[in-house]
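K.L.:
Residue numbers (the numbering used here), protein chains in the order written: chain C, 1 to 317; chain D, 1 to 283.
Quick caveat, the hints were computed from the structure, so don't treat them as lab data. Computed from a predicted structure; not experimentally measured. Be a bit skeptical, because a hint or two may be false.
[Stated by the list, open to error] Away from chain D, derived, C-beta distances all over 10 angstroms, residues of chain C: (1) 67; (2) 93; (3) 143; (4) 176; (5) 304.
[As the list claims (entries may be wrong)] Listed next, the stretches of chain C that the computed footprint assigns to chain D, with coverage defined by at least 3 CB atoms under 8 angstroms from CB atoms of chain D: (6) 76-83; (7) 103-114.
By construction, the Cβ of each residue, glycine as well, lies at the ideal position given by its N, Cα and C atoms.
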Amino acid sequence: MIAAGAGVREDAARIKAERVGKWFGEVIAVNNCSIAIGSGVVGLLGANGAGKSTLFKMLAGLIEPSHGRVRVFGRELRRDVAWYRRVGFCPESDALPEWMTGREFLTLALRLMGFDRKESASRTDRWLERFELVDAQNRKLGGYSKGMRQKLKLAQALAHDPDVIFLDEPLNGMDPVSRKQSIDLVRDLGAEGRTVLVSSHILPEVESMTSEIVLIDRGRVLAEGAVTEIRDKIPEHPTTVALVSSDARRLAGFLIGRDHVKAVELEDERRVVVRTEHAVAFYRALPGWVLENDLPVDEILTLDDSLEAVFQYLTEG
Amino acid sequence: MTDATITTADREPRALPTLTALLSIAVYSVREMARRRRLISLGLLCSLPVIAVLVVRIFFPEEGITPHQQLAALSHDVIIPLLIPIVAMAVGASAIGEQVEEGTIVYLWTRPIRRRAIYLGRLLAAQTVAAVLLSLALAACFLIMISNGLQVVTFDFLKLYLTTFLLIALGAFTYTSLFAAFGTWFRKPVLPGIIFAFGWENLITNIPARVQEFSLRFHLQNLVERPPVSDTADLPGLLGALLTAAFKRDPVPALQSVAVLVVVGVVAALVGIWMLRNKELEK
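Based on the sequences and whatever the hints tell you, model everything.
P.N.:
This is the structure we're talking about:
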């Protein structure tokens with residue numbers, strides 16, 4: 001199923017899965033999933049056990065689908081390993097070669113990407129500095145904290161300048177400052193035109209990086225696209241928008257019966273709550289109404305189109 | 001998800017050449033394997049023949065046990081049937097399987113490296129570590145043996161000594177290759193490894209007639225000088241004659257034994273590569 005607002009032309013998709021499924025014995029981990037992902041940051045969301053991790057590993061070429069096809073740059077990574085030069089992968093697992101130092105690990109990762117000694121050393125310097133690991137570079141990985149390990153895992157996934165990046169729970173164990181830096185980094189990578197697929201079960205984490213998501217539940221892709229667009233396609237839960245106004249009564253009166261407005265409630269003298277089944281269209285129409293009718297609107301608050309609400313609505317059924 | 005046009009033709013990547021990748025992985029893996037704690041236990045195990053030679057040298061200098069006899073006995077009865085399988089199992093079974101189990105293999109699998117290069121790099125490292133460990137023990141034995149003077153270094157002794165080195169290399173190659181395949185196939189390879197090394201190999205080697213040729217130990221022992229053994233003279237005539245005839249080991253041509261050991265090692269490596277190609281990330 002290619003769900004809500006995938007928004008990627010077939011030829012523009014860097015990551016493409018066609019009706020992929022994976023069985024482990026009699027357990028179906030992923031069932032008939034189709035997704036197409038172009039450039040930008042995309043969050044792969046799902047609760048623990050939803051099949052997110054299996055799908056993620058299939059996309060990265062680390063698990064063979066039981067059926068269907070997965071392509072990255074139009075290639076099957078498991079068979080065409082050369083394309084890993086353009087792919088970065090940050091695993092969720094905390095396993096690292098404990099006996100190596102941070103510097104050795106990163107340098108080896110780059111050498112195995114095909115960089116010569118000099119280039120590997122220079123990139124290692126740059127990324128150790130970027131992740132503030134210079135002081136710990138000669139320490140054995142066994143002595144690294146969880147946050148430091150996470151940063152190093154990210155560094156090895158990014159140091160070779162990949163175009164497609166898979167990040168599995170990338171912010172696990174990071175302190176708030178590193179978390180903020182990593183979020184900014186991921187957003188920058190997306191803005192540069194790279195494809196970043198971030199798998200996470202922490203919704204605010206994904207929300208801070210992107211509004212584009214693929215939502216997976218019980219092995220199936222439930223929705224794909226921008227959160228607002230997906231939100232719009234849940235008719236049984238109209239979006240709730242609060243409008244703060246100096247003349248809430250007049251505003252409420254105007255909104256009753258308008259297109260895309262399902263219900264209007266005057267919450268108090270300064271606040272009108274509107275329920276709409278088409279939030280995108282409502283947001284598009286609202287500025288026109290305000291300007292043409294000189295309506296007093298001081299603030300617009302969307303109460304339940306957060307990723308968390310969308311996730312809850314889509315998975316509760 | 002914007003509609004960016006993807007151009008791939010301008011940056012058609014290439015996989016790392018197999019030999020380059022293999023050697024890089026082998027160098028890193030030797031360093032990794034050399035740091036493992038189990039290497040200390042293996043070092044202690046490998047010191048057994050050294051201790052035996054030392055005991056003979058200190059406590060039984062007048063018994064007339066020549067260094068040549070000692071070396072023949074050690075090669076035939078200790079190094080080949082005991083040390084080579086144990087060291088190869090400890091190093092080989094974990095060479096690939098352990099990385100898959102731990103999840104660190106992901107850092108190799110997500111590089112532009114063919115899985116055969118990964119497998120062969122790890123295998124080469126394991127074979128090197130096993131061979132070096134065993135060779136060090138042999139070198140230590142040699143030093144003790146010649147500590148009384150260089151007059152013991154005869155041509156035959158040197159020939160046997162060098163043959164034993166070659167046997168260690170060949171044995172480490174074959175057994176490590178086999179156990180590496182075990183480690184790739186089985187989640188817990190130690191039990192099948194023990195069953196093979198001390199069940200199958202013992203059983204087959206002690207079955208009369210040519211069935212013995214189905215063991216690796218037979219072929220390794222076939223390549224080394226047999227130490228003098230006390231025959232069955234103490235037994236009653238007919239029983240002694242029967243046993244001698246039944247367990248008599250007819251040597252096969254040396255080339256045949258070398259070929260069998262090399263072929264087994266190569267086939268095990270190919271099977272291991274095939275298994276690794278179909279492995280999936282578990283963690």
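K.L.:
Now look at each hint and say whether the structure bears it out.
P.N.:
Comparing the hints with the structure gives:
1. 67: holds, 15 angstroms
2. 93: violated, 4 angstroms
3. 143: Nearest chain D Cβ is 15 angstroms from residue 143 of chain C, so the label holds.
4. 176: holds, 27 angstroms
5. 304: holds, 23 angstroms
6. 76-83: n = 3 at 8 angstroms, threshold three: holds.
7. 103-114: holds (count 6)
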